[in-house]
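> Read off the chains here:
Number of protein chains: 4
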Amino acid sequence: MSPTSPPISRSKSEILDAAAHVFMTLGADAASIDDVARHLGATKGRIYHHFPSKGALLGEVCLRAAAFAHEAVAPVIDTPLPPEDKLRQMILAHVPAVLGTLPYHKVIIQSYLGIMQKSTTAQERALFDGIRAERAAYQDLFRAVIAEGMEAGRFRQQNLSIALQSLLLLVNAPVFWYQPRADEPEEFIPDLAAQLADMAIASLT
Amino acid sequence: MSPTSPPISRSKSEILDAAAHVFMTLGADAASIDDVARHLGATKGRIYHHFPSKGALLGEVCLRAAAFAHEAVAPVIDTPLPPEDKLRQMILAHVPAVLGTLPYHKVIIQSYLGIMQKSTTAQERALFDGIRAERAAYQDLFRAVIAEGMEAGRFRQQNLSIALQSLLLLVNAPVFWYQPRADEPEEFIPDLAAQLADMAIASLT
Amino acid sequence: MSPTSPPISRSKSEILDAAAHVFMTLGADAASIDDVARHLGATKGRIYHHFPSKGALLGEVCLRAAAFAHEAVAPVIDTPLPPEDKLRQMILAHVPAVLGTLPYHKVIIQSYLGIMQKSTTAQERALFDGIRAERAAYQDLFRAVIAEGMEAGRFRQQNLSIALQSLLLLVNAPVFWYQPRADEPEEFIPDLAAQLADMAIASLT
Amino acid sequence: MSPTSPPISRSKSEILDAAAHVFMTLGADAASIDDVARHLGATKGRIYHHFPSKGALLGEVCLRAAAFAHEAVAPVIDTPLPPEDKLRQMILAHVPAVLGTLPYHKVIIQSYLGIMQKSTTAQERALFDGIRAERAAYQDLFRAVIAEGMEAGRFRQQNLSIALQSLLLLVNAPVFWYQPRADEPEEFIPDLAAQLADMAIASLT
DNA sequence: AATGAATGAGGTTTCATTCAT
DNA sequence: GATGAATGAAACCTCATTCAT
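Chains as they are written, first to last, in numbering that gives the first Met the number 0: chain A, 0 to 204; chain B, 0 to 204; chain C, 0 to 204; chain D, 0 to 204.
Possibly wrong hints are sitting among the right ones.
Copies of the same chain look alike in the list, so a pair counts if it fits in one copy or across any two.
[To be verified] Below, a list of computed lysine-lysine pairs in the DSBU-like style, where the Cα atoms sit at most 30 angstroms apart: (1) 43 to 53; (2) 85 to 117; (3) 11 to 85; (4) 85 to 43; (5) 53 to 117; (6) 53 to 85; (7) 43 to 11; (8) 11 to 117.
FYI, nobody ran anything at the bench for these hints, they're computed from the structure. Treat the numbers as computed from the prediction; the structure is a model and nothing was measured.
Generate the whole structure from the sequences, applying the supplied hints.
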């Protein structure tokens, strides 16, 4: 989904936020549409008026998750920096963006294990194909900079795909354990991003 | 579950294997007890004869997942090696162990996002406390060696918890994407483990 | 609905046509108001603006079905013909009229099996009483001519009600199987009507 | 479905009877599975344990309806009678068989209007193909004897398909209006069958 | 040790209907 | 006259679980 996707209505957006939160808390499978509706202070009908199925709702949450990250990182891509610096900037953009929209990313990560749906409609399959494509496009941003670094001799020669997947999981690690806290130092997230960037770049060199 | 836990009967073990496989494929939530029974070529009764509930079955799958990794890595712990070498040996043991029992680990990873169960029995809570404890003990093995390395000046000074979580996700990354293939080179998994060990250690130095 | 009922507005008539078509295709129960609206290229609101409920819409479709047949056959009634000739003329009028407004009759036939509605409003009950009355009046046209023929000795003596019901189903049989086709001979429907008239009259003699 | 179909368990048969009755009374669409369960004095679960869906339940009711009629008429087929006599015997067998299993036939007749289901599974489509085939086979019994009679000059020359469909509706007409009554004369149904046979044969000659 | 029948709670989805605009 | 949002009741169906055998 490019930054030029059609604007989303206010009501739809509220529903997506609620769905992301509830799916994050209870798990996308265990959470019911009623749970989402209750969190919204509304009834199921409101949700089904905007989304044709639970799968579609989940899909749009995931699509937004991917879009949030993509939008944050995209501006860095075209800057003329050496690969290790560009990668650092990408991670410094990625981590705060992800933690700022944590519910969405807790949801999309649930879908990374290649679980097969029991039955899906053609519409839902199309939606999930779109998500896969978006995710692949996002990964390719990182793949390109790693490849560039390896060619330029700034990164160690090694299997590119393995390096890419490992690095992406490394920079997404906080999604698994981070919880925002009231007493959290202001600099916590930037520091975290910096440490992850250090580790990521070091892991390649 | 320590190496001295009571032996598991043949029938129970078969059921756990089937459950791990089905939970991996369909997701632990979406998979039904009937799905597991069908995969087993039997009926639900057989499963309920050995496990009191679906939660208990899932719990024992996770417990086994943790135990498989722990058993593989434990022997390395007491060897007198410098921290970076010990960590390398731990990872070289961890990765093949995990990929050799992949279904179990695909299942336990589903539980890593801090999802709150809607309601559970006291028995199941006890079981999951046990899993958490086992997992914590396993993480402590890595935490100790990283701390030792940082104290000895072999690893960069940085936030220990962040480093630990990031490193664990790095070495578990293949659980997300690895799929055994018939035409896979014999050395694929050891090579993968070696690359991950390189990346992990580099990320700390 | 007698030929002197109030005229129906253009918009109402369009809605009734769409409803008849959709109820025919999907079945009156399975079809939703949204299905009708979609067929109309509009939204539900348009329908609810003209009809107070789905039951009323269905009722008016049925009423029209009965009126179409009644209007076509009524002119024959007062002609001074011997019963078998009058019956023939009635059938020759009935069949093309019915097949010319097939969707309406496919709908009303769905209601002929004496199905009990689960719950209806007083308004709807009144509407359906009207349909029953209209239908009874229409049947009485045929009942009278059969009775006349039996009295005059032109038709075999037999149970009048059974003969009437059987004959009406015979002449409505095409509603079950007829489908208009582009390559249909011009004379198909008149020929069909003639054959049914032959069969019907023969069945009584 | 031939008389050699697999035997149906007691529980399944009870459910089918209840379903036929409820579908007849309320209409197959309007009746809910809960209605059927209530009529059985059981819960939905019992029904879903034996039938995978409402469509399948409805399908098996229709299949039984077709089988009841087929079984009653089949013995007549191979007797060496002149066509009009054979047709009379067929009708004399058909009518009591149908009225003796009226609920089933009130249900199957609902399906004769070519209504399109909104969505069906492959399984259900297969089931309904089977019903169509069974129905076609049954019609062919009548088609053959009519054709034979027309060839032998005992029946009037006319369009065979039209004659067949009309005649089948004629002999099924009581399904639309018949209701068993306590005070009904013992001979009512045989007399009815005789009158219908008379009308049917007369309609062809 | 295992099966098959049955239950009951809860989930997703549909849909007639209402209402503000 | 018509739309789009929203509701609430009821439908279909799933599934963990229990029980008699």
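> Honestly, which of those hints from before does the structure not fit?
2, 3, 4, 6
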